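Number of protein chains: 2
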Amino acid sequence: MPNAINTVVTLSGGMDSTVCATLAVREHGAEHVAALHVSYGQRTEAREQRAFQEICDRLGISHRLVVRNQALSQIGGSALTDNSLAVPTAGPDIGSEVPITYVPFRNAHFLSVAVSWAEVLGASQIYIGAVEQDSSGYPDCRPEYYEAFNRLIQAGTKEGTIRIHTPLIALKKVEIIRRGLELGAPFELTWSCYSREDRACGVCESCALRLRAFAATGSTDPIPYQAKPAH
Amino acid sequence: MPNAINTVVTLSGGMDSTVCATLAVREHGAEHVAALHVSYGQRTEAREQRAFQEICDRLGISHRLVVRNQALSQIGGSALTDNSLAVPTAGPDIGSEVPITYVPFRNAHFLSVAVSWAEVLGASQIYIGAVEQDSSGYPDCRPEYYEAFNRLIQAGTKEGTIRIHTPLIALKKVEIIRRGLELGAPFELTWSCYSREDRACGVCESCALRLRAFAATGSTDPIPYQAKPAH
Numbered sequence: 005m006p007n008a009i010n011t012v013v014t015l016s017g018g019m020d021s022t023v024c025a026t027l028a029v030r031e032h033g034a035e036h037v038a039a040l041h042v043s044y045g046q047r048t049e050a051r052e053q054r055a056f057q058e059i060c061d062r063l064g065i066s067h068r069l070v071v072r073n074q075a076l077s078q079i080g081g082s083a084l085t086d087n088s089l090a091v092p093t094a095g096p097d098i099g100s101e102v103p104i105t106y107v108p109f110r111n112a113h114f115l116s117v118a119v120s121w122a123e124v125l126g127a128s129q130i131y132i133g134a135v136e137q138d139s140s141g142y143p144d145c146r147p148e149y150y151e152a153f154n155r156l157i158q159a160g161t162k163e164g165t166i167r168i169h170t171p172l173i174a175l176k177k178v179e180i181i182r183r184g185l186e187l188g189a190p191f192e193l194t195w196s197c198y199s200r201e202d203r204a205c206g207v208c209e210s211c212a213l214r215l216r217a218f219a220a221t222g223s224t225d226p227i228p229y230q231a232k233p234a235h
Numbered sequence: 005m006p007n008a009i010n011t012v013v014t015l016s017g018g019m020d021s022t023v024c025a026t027l028a029v030r031e032h033g034a035e036h037v038a039a040l041h042v043s044y045g046q047r048t049e050a051r052e053q054r055a056f057q058e059i060c061d062r063l064g065i066s067h068r069l070v071v072r073n074q075a076l077s078q079i080g081g082s083a084l085t086d087n088s089l090a091v092p093t094a095g096p097d098i099g100s101e102v103p104i105t106y107v108p109f110r111n112a113h114f115l116s117v118a119v120s121w122a123e124v125l126g127a128s129q130i131y132i133g134a135v136e137q138d139s140s141g142y143p144d145c146r147p148e149y150y151e152a153f154n155r156l157i158q159a160g161t162k163e164g165t166i167r168i169h170t171p172l173i174a175l176k177k178v179e180i181i182r183r184g185l186e187l188g189a190p191f192e193l194t195w196s197c198y199s200r201e202d203r204a205c206g207v208c209e210s211c212a213l214r215l216r217a218f219a220a221t222g223s224t225d226p227i228p229y230q231a232k233p234a235h
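If you read the sequences in order, they're chains A and B.
Our numbering puts the first residue of the first sequence at 5, with every later residue one more than the last.
Our numbering puts the first residue of the second sequence at 5, with every later residue one more than the last.
None of these hints come from the bench; they were simulated from the model.
The structure displayed is predicted, hence computed values, not measured ones.
Ideal placement from N, C-alpha and C gives every residue a C-beta, glycine not left out.
Hints may be right or wrong, so weigh each one.
As the list claims (entries may be wrong) - Listed next, the stretches of chain B that the computed footprint assigns to chain A, with coverage defined by at least 3 CB atoms under 8 Å from CB atoms of chain A:
| no. | stretch |
| --- | --- |
| 1 | 30-37 |
| 2 | 71-78 |
| 3 | 107-116 |
| 4 | 143-153 |
| 5 | 212-221 |
As the list claims (entries may be wrong) - Which chain A residues face chain B? A few, computed with CB under 8 Å, are given here:
| no. | residue |
| --- | --- |
| 6 | 80 |
| 7 | 106 |
| 8 | 117 |
| 9 | 121 |
As the list claims (entries may be wrong) - Just a few of them, taken from the derived set where beta-carbon distance is under 10 Å, the chain A residues facing chain B:
| no. | residue |
| --- | --- |
| 10 | 71 |
| 11 | 76 |
| 12 | 82 |
| 13 | 114 |
| 14 | 116 |
| 15 | 120 |
| 16 | 122 |
| 17 | 125 |
| 18 | 157 |
| 19 | 158 |
| 20 | 162 |
| 21 | 164 |
| 22 | 186 |
| 23 | 205 |
All chains, full assembly: derive it from the sequences and hints.
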């Protein structure tokens, strides 16, 4: 099977997952990569789904799956899925504690879909652009979480051989941008903002992390912003 | 908080999960137990959802969550979610290999919802009626799978303190029925059949396991069957 899928990549449409998908395509070839997007009732769902499709088009990934997760918004408990909770603007202490934008156990929902799909496709690996350093302090973005998930796959699938790879986990945001620029990742198609869908707000923690990192690399973030705070 | 939920139980509406939910209610009190049901496009979805509601009514569980998982039927690969694959009738070798009714990595989807919900509710434990022995040979019904899931929760949640309990995992089906009869589990409200929703077929592997076990206890299965094979 020369065109068999060997890699599933989770692609939210944000900066990290886009660099990760670009890397997967460069390493394995677009025809062997399948891309998964999960919408879960987050505020910027439609914009992120558009980013996913445009990024797949650009990278040449034709094997795509868009899944609607209803559970996370039914359960709530996060500013990303619950409109009664406000998305905070970023302070200087990003990452020091678990923020209100944490969606409880979210990545396990995404990875469960990725593993089920990989098992049916016969793919042997899953790429996810999780980042520990410079991230927002989410517990499901740490290396020990992915080690535990790999042990779960070993115990809970037919063959037990699928592996999750987190190629960006130890990188700082600045390094991710540099890596993305080297690889030709389509940053202009990505969406990171937690609260707006027309122009990025520039002040939520996700925009703040992104803008600071672009400023530190000396390159310009190619997406449109509503407001850019001074650095 | 005298009425705080401390336990989430996953309740498919089958025999095992019903005994498990009855046990949770006897141990913790119905007012402290929340019940989760996940529909995933399986053939008998509507019938199982009815069973869930009736069992909750009977057990006095008012805190309920019904979630629709679309991913598993989009992905397919199992006779339970893919109408192009037939549900096999049971042979004598049930459990010797992973059957076509295996839904790839299914329980991780359910448990992810249970953990997210438990985290938001502040519950400290999840009960699931997984059974290793006498079961259908599914890899996600083994003790090592649940040990791995507990390590994943430790690594991937805010507090890391939620624990999954599998009180039935080491029991044989006959013992589960005996335990259920002692506890007063409402077997007459349960649904196990993989293929029919009006009367249980009596010949799929799930019906076969159930009928054999009831026969071995010397008691009568109270649900209606289309056909009962001789034992």
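Note to self: So, against the hints stated earlier in the document, which numbers end up violated here?
What the structure shows: 1, 5, 22 and 23
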